[in-house]
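J.: With the hints as constraints, model all of the structure from the sequences given.
Protein chains in written order, with this note's numbering: chain C, 1 to 326; chain B, 1 to 326.
Be aware that a few hints might be false.
What the hints assert, rightly or not - Computed far set for chain B versus chain C, every beta-carbon distance over 12 Å:
no. : residue
1   : Glu57
2   : Pro65
3   : Pro68
4   : Val162
5   : Glu205
6   : His216
7   : Asp232
8   : Pro235
9   : Ser240
10  : Ala317
11  : Lys321
Claimed, not checked - Once the Cα atoms are required to be at most 25 Å apart in a straight line, the calculated DSS-like pairs of lysine-lysine come out as:
no. : chain 1 : residue 1 : chain 2 : residue 2
12  : C       : Lys250    : B       : Lys321
13  : C       : Lys321    : B       : Lys250
14  : C       : Lys290    : C       : Lys96
15  : C       : Lys96     : C       : Lys183
16  : C       : Lys183    : B       : Lys183
17  : B       : Lys183    : C       : Lys250
18  : B       : Lys96     : B       : Lys290
19  : C       : Lys183    : B       : Lys250
20  : C       : Lys183    : B       : Lys96
21  : B       : Lys96     : B       : Lys183
22  : B       : Lys183    : C       : Lys96
It should be emphasised that the hints constitute simulated quantities derived from the structure, not laboratory data. No residue lacks a Cβ here, since even glycine has one placed at the ideal position from N, Cα and C.
Protein chains: 2
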Amino acid sequence: MKLATLRDGTRDGRLLVIRRDGAAATSAPDEWRTLQDALDDWERAERALRALDGALERGAIEGVPVDPERLAAPLPRAYEWIDGSAYLNHVILVRKARGAEPPPTLQTDPLIYQGGSGDMLGPRDPLVLHDEAWGLDYESEIAVILGDTPLGTTAADAADHVRLVALVNDVTLRNLVPTELAKGFGFFQSKPATAFAPFVVTPDELGDAWQAGRAHLRVRSTYRGEVIGDCDAGPEMHFSFPELIAHVAKTRRFAAGTILGSGTVSNADRARGVSCLAERRMIETIDEGKPRTPFMTVGDTIEIEAFDAGGKSPFGAIRQKVVAPS
Amino acid sequence: MKLATLRDGTRDGRLLVIRRDGAAATSAPDEWRTLQDALDDWERAERALRALDGALERGAIEGVPVDPERLAAPLPRAYEWIDGSAYLNHVILVRKARGAEPPPTLQTDPLIYQGGSGDMLGPRDPLVLHDEAWGLDYESEIAVILGDTPLGTTAADAADHVRLVALVNDVTLRNLVPTELAKGFGFFQSKPATAFAPFVVTPDELGDAWQAGRAHLRVRSTYRGEVIGDCDAGPEMHFSFPELIAHVAKTRRFAAGTILGSGTVSNADRARGVSCLAERRMIETIDEGKPRTPFMTVGDTIEIEAFDAGGKSPFGAIRQKVVAPS
Numbered sequence: 001m002k003l004a005t006l007r008d009g010t011r012d013g014r015l016l017v018i019r020r021d022g023a024a025a026t027s028a029p030d031e032w033r034t035l036q037d038a039l040d041d042w043e044r045a046e047r048a049l050r051a052l053d054g055a056l057e058r059g060a061i062e063g064v065p066v067d068p069e070r071l072a073a074p075l076p077r078a079y080e081w082i083d084g085s086a087y088l089n090h091v092i093l094v095r096k097a098r099g100a101e102p103p104p105t106l107q108t109d110p111l112i113y114q115g116g117s118g119d120m121l122g123p124r125d126p127l128v129l130h131d132e133a134w135g136l137d138y139e140s141e142i143a144v145i146l147g148d149t150p151l152g153t154t155a156a157d158a159a160d161h162v163r164l165v166a167l168v169n170d171v172t173l174r175n176l177v178p179t180e181l182a183k184g185f186g187f188f189q190s191k192p193a194t195a196f197a198p199f200v201v202t203p204d205e206l207g208d209a210w211q212a213g214r215a216h217l218r219v220r221s222t223y224r225g226e227v228i229g230d231c232d233a234g235p236e237m238h239f240s241f242p243e244l245i246a247h248v249a250k251t252r253r254f255a256a257g258t259i260l261g262s263g264t265v266s267n268a269d270r271a272r273g274v275s276c277l278a279e280r281r282m283i284e285t286i287d288e289g290k291p292r293t294p295f296m297t298v299g300d301t302i303e304i305e306a307f308d309a310g311g312k313s314p315f316g317a318i319r320q321k322v323v324a325p326s
Numbered sequence: 001m002k003l004a005t006l007r008d009g010t011r012d013g014r015l016l017v018i019r020r021d022g023a024a025a026t027s028a029p030d031e032w033r034t035l036q037d038a039l040d041d042w043e044r045a046e047r048a049l050r051a052l053d054g055a056l057e058r059g060a061i062e063g064v065p066v067d068p069e070r071l072a073a074p075l076p077r078a079y080e081w082i083d084g085s086a087y088l089n090h091v092i093l094v095r096k097a098r099g100a101e102p103p104p105t106l107q108t109d110p111l112i113y114q115g116g117s118g119d120m121l122g123p124r125d126p127l128v129l130h131d132e133a134w135g136l137d138y139e140s141e142i143a144v145i146l147g148d149t150p151l152g153t154t155a156a157d158a159a160d161h162v163r164l165v166a167l168v169n170d171v172t173l174r175n176l177v178p179t180e181l182a183k184g185f186g187f188f189q190s191k192p193a194t195a196f197a198p199f200v201v202t203p204d205e206l207g208d209a210w211q212a213g214r215a216h217l218r219v220r221s222t223y224r225g226e227v228i229g230d231c232d233a234g235p236e237m238h239f240s241f242p243e244l245i246a247h248v249a250k251t252r253r254f255a256a257g258t259i260l261g262s263g264t265v266s267n268a269d270r271a272r273g274v275s276c277l278a279e280r281r282m283i284e285t286i287d288e289g290k291p292r293t294p295f296m297t298v299g300d301t302i303e304i305e306a307f308d309a310g311g312k313s314p315f316g317a318i319r320q321k322v323v324a325p326s
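T.: Pasting the structure below:
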C-alpha cells in the first residue's frame with residue numbers, strides 16, 4: 001500500500017491512498033483525515049486504507065490524478081525525527097573530510113542523532129539558501145515510520161513496529177557542522193528541514209526488496225541534471241532498521257509517527273557515486289589534494305529517487321531546486 | 001492564565017483552564033480540545049480561554065477540583081523539545097565532572113540539544129529505573145512553549161512567539177552521557193522522557209517575575225525529602241529565552257507547540273544548592289576528592305517547584321518517585 005499527504009491548507013494535510021503506479025489517488029476516509037490519524041489507530045485504519053488500495057488497483061475506484069507539486073511531506077510535522085548513520089562508508093568518509101576519527105565503536109554502537117521534526121518539506125519544496133557560506137548539501141536516505149514502540153523493544157521484535165518506508169533528503173549545512181559538533185551537543189543549526197519523496201509505502205509493497213530490515217533498492221541522486229550517485233541501500237547498511245530501533249528504544253518509548261532514518265546511503269565501490277556532496281568532496285581531496293565540487297548554490301537542482309530490481313520507483317522522486325530567500 | 005492537560009484516555013488529553021490558585025479547573029471549549037489545538041489557533045483560542053479564566057476568577061464558573069495525579073504533561077507529545085544550557089555555572093561544573101572542558105565559545109554561542117518529544121511525562125508519573133548503572137539524575141529547568149516561529153526570528157522579535165512558560169524535570173542518565181557524547185552526535189539514550197509540572201502559564205501570569213525574557217523565580221528541588229536546591233532562575237540565565245530562540249531559528253522555523261528549555265538552573269553561590277545530582281557530586285569531588293552522593297535509586301523521591309517573590313507557585317509541583325520496572 002502506498003500513501004501520500006495532500007496539501008489542503010491545514011497543518012497536517014489530507015491523507016491519500018495512492019494507486020501502485022503512483023498516478024491516481026483517492027482520499028482516505030474522514031475518520032483518518034491525516035497520516036498521523038491513521039498511525040494513531042493503525043489496526044483499524046490499515047484495514048480501511050487497504051480496502052481503498054484494492055479498489056484503486058481493481059479500477060473499482062477511478063481516483064484522481066496525483067500532482068506531486070501539491071503533495072506535502074507524508075507527516076508535515078512529526079513527533080520525532082531520529083536519524084542514524086548506518087552506512088559506515090559514509091561515516092568514515094565524512095569524518096575524514098572534517099579531520100575527525102570515526103568512533104572506535106563504529107561497528108558495534110550505532111550513530112544516531114535527534115533531528116528537528118516540527119517542519120518537514122514536501123517532494124517539490126525549494127531548498128531556500130539563506131547563506132551560501134553555510135555549505136548546503138543534500139543527503140539521500142531511506143527512512144521508516146514507526147507505530148507505537150515500547151521501551152526495551154528488541155531487534156527481533158522491532159519489525160512489527162515498522163509501519164511505512166520513506167525516501168528522504170536529509171539536508172545538511174556542512175560548514176555549520178564542525179563548530180556545532182565541537183560544542184559536544186550534536187547537530188542543530190546544521191540540520192534544517194528534511195524533505196520527503198511523494199509516497200510512503202508499507203514494507204510489503206517493496207516485495208523482495210524489503211529483506212532483513214533493509215530496503216534493497218538503488219537510490220539515485222541526480223545533481224544539476226547529472227547522475228551523481230546510484231547507490232545500493234541494501235547490503236552496506238551495517239545496522240538494519242530493527243537494530244537501529246532496538247538501539248533507540250533502550251531507554252525510551254516512541255509515539256506512533258516517529259520517523260527513523262538510515263543515514264546517507266553509501267557504498268564502498270566508488271563507481272556507485274555518492275548520496276551527498278560531502279563524500280564527493282572527500283574523494284576529490286583524497287585523489288587531488290583538495291575538493292573541487294562546491295556545495296549547492298542558487299539555481300541548483302537535486303533529484304532523489306529509489307528503484308527496485310525491476311526498475312519500479314516505489315516512493316516517486318524528490319525534485320528540489322535551490323532558491324534565494326524571497 | 002494558567003492551563004493544564006487532563007488525562008482522558010486520548011493521546012493528547014483534554015485542555016483545562018486552571019483558576020489562578022491552582023485549585024479549580026474548567027474544560028476548554030470543544031473547539032480547542034487539546035493544548036496543541038489551542039496553540040495551532042492561538043489568537044482565537046487565547047480569547048476564549050482568557051474568558052473562561054476570567055469567569056473562574058470571578059466565581060462565575062465554579063470549576064471542578066484539580067487532581068495533579070490525573071494531569072498529563074501539558075503536551076503529552078510535542079513536535080519538538082529543544083533544550084538549552086543557559087546557566088553557565090551548570091555547564092562548567094558538569095563538564096568538570098566529565099573531565100571535559102567547557103567550549104571556548106561558552107559565553108557567546110548557546111549550547112543547545114534536540115531532545116525527544118514524542119513522550120512527555122506528567123507531574124506525578126514515576127521515573128522508571130531500568131538499570132541503576134545508568135546513573136539516573138533529575139534536572140530542574142524552566143521552559144517556554146512557542147507559537148509558530150519563523151526562520152530568522154531575531155532576539156528582539158522572539159518574545160512575541162513565547163506563548164507559555166513551564167517547569168520541567170529534564171531527566172538524564174548520567175552514566176550513558178560520556179560514551180554518547182564521545183561519538184559526536186549528542187545525547188540520545190542518555191535523555192529519557194522529560195517530566196512537566198502540572199500547569200503552564202502565560203508570561204503575564206508571572207507578573208514582575210517575567211523580565212528580560214527570563215523567569216525570576218526560585219526553583220526548589222527536594223530530593224528524598226531534603227531541600228537540595230533553591231536556585232534563582234533569573235539573573236544567572238546567561239542567554240535569555242529570546243536569545244535562545246534567535247539561536248535555534250537561525251536556520252529553521254518552528255511549529256506551534258515547540259518546547260524550549262533553559263537548561264538546569266544553577267547559581268554560582270553554593271548556598272543555593274543544586275538543581276541536579278551531577279552538580280552536587282562535582283562539588284563533593286572538588287571538596288573531598290570524590291563524589292559521595294549516589295545517583296537516584298528505587299524508592300527515591302524528587303519534588304520540583306518554583307516560587308515567586310511573594311511565595312506563589314505558578315506551575316504547581318513535580319512530584320516523582322523512582323520505581324522498578326513492573
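J.: Hint by hint, note whether the structure agrees.
T.: Comparing the hints with the structure gives:
no. : hint                : in the structure
1   : Glu57               : holds (32 Å)
2   : Pro65               : holds (30 Å)
3   : Pro68               : holds (23 Å)
4   : Val162              : holds (16 Å)
5   : Glu205              : holds (25 Å)
6   : His216              : holds (26 Å)
7   : Asp232              : holds (24 Å)
8   : Pro235              : holds (24 Å)
9   : Ser240              : holds (18 Å)
10  : Ala317              : holds (24 Å)
11  : Lys321              : holds (18 Å)
12  : C/Lys250 x B/Lys321 : holds (21 Å)
13  : C/Lys321 x B/Lys250 : holds (21 Å)
14  : C/Lys290 x C/Lys96  : holds (13 Å)
15  : C/Lys96 x C/Lys183  : holds (19 Å)
16  : C/Lys183 x B/Lys183 : holds (13 Å)
17  : B/Lys183 x C/Lys250 : holds (17 Å)
18  : B/Lys96 x B/Lys290  : holds (13 Å)
19  : C/Lys183 x B/Lys250 : holds (17 Å)
20  : C/Lys183 x B/Lys96  : holds (15 Å)
21  : B/Lys96 x B/Lys183  : holds (19 Å)
22  : B/Lys183 x C/Lys96  : holds (14 Å)
In summary, this structure violates none of the numbered hints.
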